[in-house]
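Engineer: Numbering (the numbering used here), first residue to last: 1 to 179.
Just so you know, the hints here were simulated from the structure itself, not pulled from any lab data.
Note that CB positions come from ideal geometry on N, CA and C, so glycine has one too.
Keep in mind that a hint or two might mislead.
What the hints assert, rightly or not - Computed spacing ranges between beta-carbons, pair by pair:
1. G134 - T26: 49 to 57 Å
2. V103 - G134: 24 to 32 Å
3. P158 - A84: 16 to 24 Å
4. L96 - A76: 25 to 33 Å
5. G144 - T26: 33 to 41 Å
6. M149 - L93: 41 to 49 Å
7. D35 - D80: 46 to 54 Å
8. L141 - Q65: 22 to 30 Å
9. P87 - D35: 40 to 48 Å
10. G36 - D80: 42 to 50 Å
11. G36 - G144: 32 to 40 Å
12. Y146 - F67: 21 to 29 Å
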Amino acid sequence: LLGLSVYFANEGGLEAVLRGAVEHATLRMGLSLPDGMIDAVVRVKAAAVGFWLAVMAIGNAALAQGFLRRRGLSLAATPDLADARMPGWYLVLVLLAGAAFAVVGDAVTLSVLLLLTLPFFLMGIGGVHKRVRGSGGRVWLLAGFYTLMLIFLQIMAPAMVGMGLYEQWARRAVPPPQT
1 LLGLSVYFAN EGGLEAVLRG AVEHATLRMG LSLPDGMIDA VVRVKAAAVG FWLAVMAIGN
61 AALAQGFLRR RGLSLAATPD LADARMPGWY LVLVLLAGAA FAVVGDAVTL SVLLLLTLPF
121 FLMGIGGVHK RVRGSGGRVW LLAGFYTLML IFLQIMAPAM VGMGLYEQWA RRAVPPPQT
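Kindly produce the complete structure, drawing on both the sequences and the hints.
Structural biologist: See below:
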């Protein structure tokens with residue numbers, strides 16, 4: 001996203017390009033949205049692009065690791081994703097991104113903040129999976145959890161980030177060896 005922002009710097013930046021795309025799309029549909037609504041769509045669109053790029057990269061990495069493991073070509077054992085940890089300095093990046101968003105408040109800083117909190121979101125989901133392991137109704141519990149995630153994403157996403165932060169620093173007394 002930062003690269004795209006630099007690339008489109010002459011045209012007003014990434015936010016201006018996204019605004020133009022949203023305005024063009026609404027005109028083609030015959031809609032007229034107020035400027036406040038267009039601003040909200042632009043902010044969400046920039047964050048969504050970054051989020052989905054990160055999710056796709058993680059999904060592709062997991063598929064590639066599974067492919068290599070099934071063929072015996074994997075160089076290392078597949079780690080348990082519920083036990084994943086971020087380096088201790090990573091929280092500083094998240095705090096810097098949060099401060100940048102609080103000061104600047106544009107779509108790029110929001111996207112950077114969301115991308116940097118994504119590992120904690122995934123760690124929170126891993127924590128849920130770890131807690132339901134071995135329970136009799138594991139499938140139903142996870143189905144209910146993901147249904148709640150879909151319906152109440154704006155509540156559940158920050159809760160999962162919080163759970164990921166808990167998993168990172170509060171829950172584990174001894175960190176695994178760093179690689």
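Engineer: Does each hint fit the structure? Answer for all of them.
Structural biologist: Status of the hints after comparison with the structure:
no.: 1; hint: G134 - T26: 49 to 57 Å; in the structure: 50 Å, holds
no.: 2; hint: V103 - G134: 24 to 32 Å; in the structure: 46 Å, violated
no.: 3; hint: P158 - A84: 16 to 24 Å; in the structure: 20 Å, holds
no.: 4; hint: L96 - A76: 25 to 33 Å; in the structure: 31 Å, holds
no.: 5; hint: G144 - T26: 33 to 41 Å; in the structure: 37 Å, holds
no.: 6; hint: M149 - L93: 41 to 49 Å; in the structure: 25 Å, violated
no.: 7; hint: D35 - D80: 46 to 54 Å; in the structure: 48 Å, holds
no.: 8; hint: L141 - Q65: 22 to 30 Å; in the structure: 26 Å, holds
no.: 9; hint: P87 - D35: 40 to 48 Å; in the structure: 41 Å, holds
no.: 10; hint: G36 - D80: 42 to 50 Å; in the structure: 45 Å, holds
no.: 11; hint: G36 - G144: 32 to 40 Å; in the structure: 36 Å, holds
no.: 12; hint: Y146 - F67: 21 to 29 Å; in the structure: 25 Å, holds
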